[in-house]
Amino acid sequence: MASHGIRDRVAIVGMGCTPFGEHWGKSLDDLLVDATTEALASAGLAKDDVDAYWLGTAQSGMSGITLARPLQLQGKPVTRVENYCTTGSEALRAAAYAVASGAYDIAMAVGAEKVKDSGYQGLNAFPVPGDGTARSLTAAAMFSMVVPAYARKYGVEEDTLVEVLAAISAKNHFNGARNPRAQFRREVSRESICASPRVAGRLGVFDCAGVADGAAAAVVVRAEDALRYTDRPLYLKALAFATGSGSGLIDPEYDYTHFPECEAAAADAYAQAGITDPRRQLAMAEVHDCFTPTELVLMEDLGFAERGQAWKEVLAGTFSLGGELPVNPDGGLKSFGHPVGASGLRMFFECWLQLRGEATPERQITTDRTLALTHNLGGYPGEMVSFVSVVGTELG
Amino acid sequence: MMRGILSAAGYVPYRRLSRQAVAAFLGSSGGTGTRAVAGYDEDTTTMAVEAARLALRAAPAAAPDALWFATTTPAYLDKTNAATVHAALRLRSEVPALDFGGSLRSGIGALSSALGGSGTTLVAVADLRDGLPGGQDETAGGDGAAAVVVGDDGPGTPLLAEYLGGASATDEFVDRWRAPGERRSKVWEERFGETRYLALGRDAVERALKAAGVDARDVGGLVVTGMHARAVAALAGRLPVPAGALVDDLGSSVGQTGAAHPALVLSAALEVAPPGRVLVVVHLADGADALVLRTTEAVARWAPPRPVAAQVAAGADLPYARFLAWRQMLEPEPPRRPEPTRVSTPAAWRAQDWKFGFVGSRDRSSGAVHLPPARVSMRGGAVDDMEPLPMSDARGTIATYTIDRLAYSPSPPVVFAVVDFDGGGRFPLELTDVDAEALSVGQRVEMTFRRLSSADGIHNYFWKGRPLRSTDGGDR
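Chains as they are written, first to last, in the working numbering: chain S, 1 to 396; chain B, 1 to 476.
Since the hints were derived computationally from the structure, they do not count as laboratory data. The beta-carbon is built from N, C-alpha and C at its ideal position, and this holds for glycine as well. A portion of the hints provided could be inaccurate.
[Claimed, not checked] Below, a sample of chain B positions facing chain S; criterion: calculated Cβ distance under 7 Å:
| no. | residue |
| --- | --- |
| 1 | Thr-341 |
| 2 | Ser-344 |
| 3 | Ala-348 |
| 4 | Lys-355 |
| 5 | Met-378 |
| 6 | Thr-400 |
| 7 | Thr-402 |
| 8 | Leu-406 |
| 9 | Ala-407 |
| 10 | Phe-416 |
| 11 | Arg-426 |
| 12 | Phe-462 |
[As the list claims (entries may be wrong)] Listing some non-contacts, in silico: residues in chain B with all C-beta distances to chain S over 10 Å:
| no. | residue |
| --- | --- |
| 13 | Glu-189 |
| 14 | Gly-424 |
| 15 | Ser-470 |
Throw the hints in and build the complete structure from the sequences for me.
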């Protein structure tokens, strides 16, 4: 029993990502065609060169036909995957394992979501017939419970913490303003963030991720074949996944100041990739900032900050674009937007751009570090799925 | 064999509507006192559950072998509402659960039938009373419930009051009526009903006292109820009982709770009665029904968990506009979120101990409490080694909480707390009867049976938390 990982056995050789936003004029099919066409072009491939496809979509369609029909894939193995908000990462994980196993030479992972057609703000889950006793809280409310818990545990005034959260939001808006594909391309001051209408607990509108339509795609091949398709592949160093049992919701031991599923996924990923000091080894990290307190806690769960210290590091600018470890240089879910099934792959897309030096100059990170991390979660505090990957430009 | 009342309890919901506030809102003046208002998440079924829980808690040895539920404002027609009460109280399947429906006489009818019958019968009565805005029924009416456990005197189940006798008078005249589906009751001009009820009430009381072998001068407590205010006042003033015997009918604090009212006022009267007091209850509705009871020595030792007077005192104001919204007389903009879907009948049936009874499970090996009940333990992983753990009477402490301004609710915002229960177990749950601004971590919470929402006419019943209040005896 072990998690061995597939370090350096698979590489990303092409990627595509649509702008995220309110695509009133584009259907899910349009988004899928846009993202896959860009990804294939960047690898110099045609759709028939790809041996197998995985489509991640949380609730925009069912079965592989959702991808096969708009792309007119003939007889290819196409599978739809779903795992809450980690759906896009799961599509990549499946495609990577398929290639690593030797079953296929070339696989594509696609993630897409058409959220804005629902007629409602925010995300709304499929109604599953039930006994009526399940919680009907919004995700914002579930994550808002982190704020008082963290404040109490570490002796931080709640008002101070609210300013820290505003700093996280402002940072991600600052980064998103420098990203032509982001949903919200506008800097927002901490003052406006703090003054925004309350959604749940101490969280305001600007503490919540944007909800967007969008799609992203990646082509993966065996690492030894990677240079045939690009001179700057991204090698997969680690793919780790942890699913909680949901017991955090009913376990009095759980204190809402950390996410054990994320800690577990990070530990596995660091072991796979041989990372011992993430803060000093990573060039950047894309993390799942669905709400600002989520990003705060993740800085500790992922080992970027000591327990109880992340709030100070945020204020010190450690995770800002020019900081020691830039986090969400593309604007994150907050500013880039969150089309559920696409978000995991969008995170890889930013690593793809940054590590290859292809990000827009005003947000390009300059560093000699060659590793980047993506972290993607789904669910709520106490009941969560979590994904962590590490990618790098060098083998070994 | 002595037969009578083994236990009784009233339930008065938390909110109060000030009659002066109603008058001011409508541009007039006057109005005194308040009326009780059921929460937006309460109906006659949930209020009956709350009253029955209190009555059964005070008489743990009394095991009902029948449940009768009466109301004029049922949550369902065709479907038996008493079955929901039965499930929430976790009564045995062999205990029949029956509805007494429709008329204002149904409550006193169920009670007198139980007293005149056999076995142990739990009589639960609840009503929601209102009318059109500005009308007499809206302000004079009230919401509430009462539950009375009727049975035979026995070891471990002493009678609080012995049933001495009763009488009925029935007459056909249209004084107050409401077509099925209508919100508003209509009434005939008052004088006709007053004369009829006065005669019927006197006749019934006279015959009841005779049947009981009690002289009117020995009556220590007189309860007169009915929706015809003039007739009630007239009868109360003309019966030859001693001065001071008339029991406060709660009209100025709770309002007239319709079918529930005789049992509610009787419960309040029992709570303050010394041993040996003769109580007469007379209810005027399409005739008159009179019951004569005498309290026993046991009433002195009885400790009602939450006296009616304490519940009355604990009420908190509700703005009139919110009352109108809760009664669907005003339709506020709903939250822009998908409305809940209907509950699956088989899923609810499978989970009925959990959903209606709030029964979790405890792992025998690790002791870990699981809410909802589980087959596999979260600690140690034991499979199918759990015992059922009833939690509806458990109390807990708020570990953390939030206010959700976006989630769907019939009355936003949703106040939500993670509650750690005394003796183990945690559950994230919705709070009700709560003033969000006054919430704090560490606050104490008890469970209450509520209606979360309705979809396709199916009501979604489940448990919520509510702050324990010392003012209503909740922290006893």
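Item to check | Hint numbers not upheld by this structure, sorted from lowest to highest | outcome: 14
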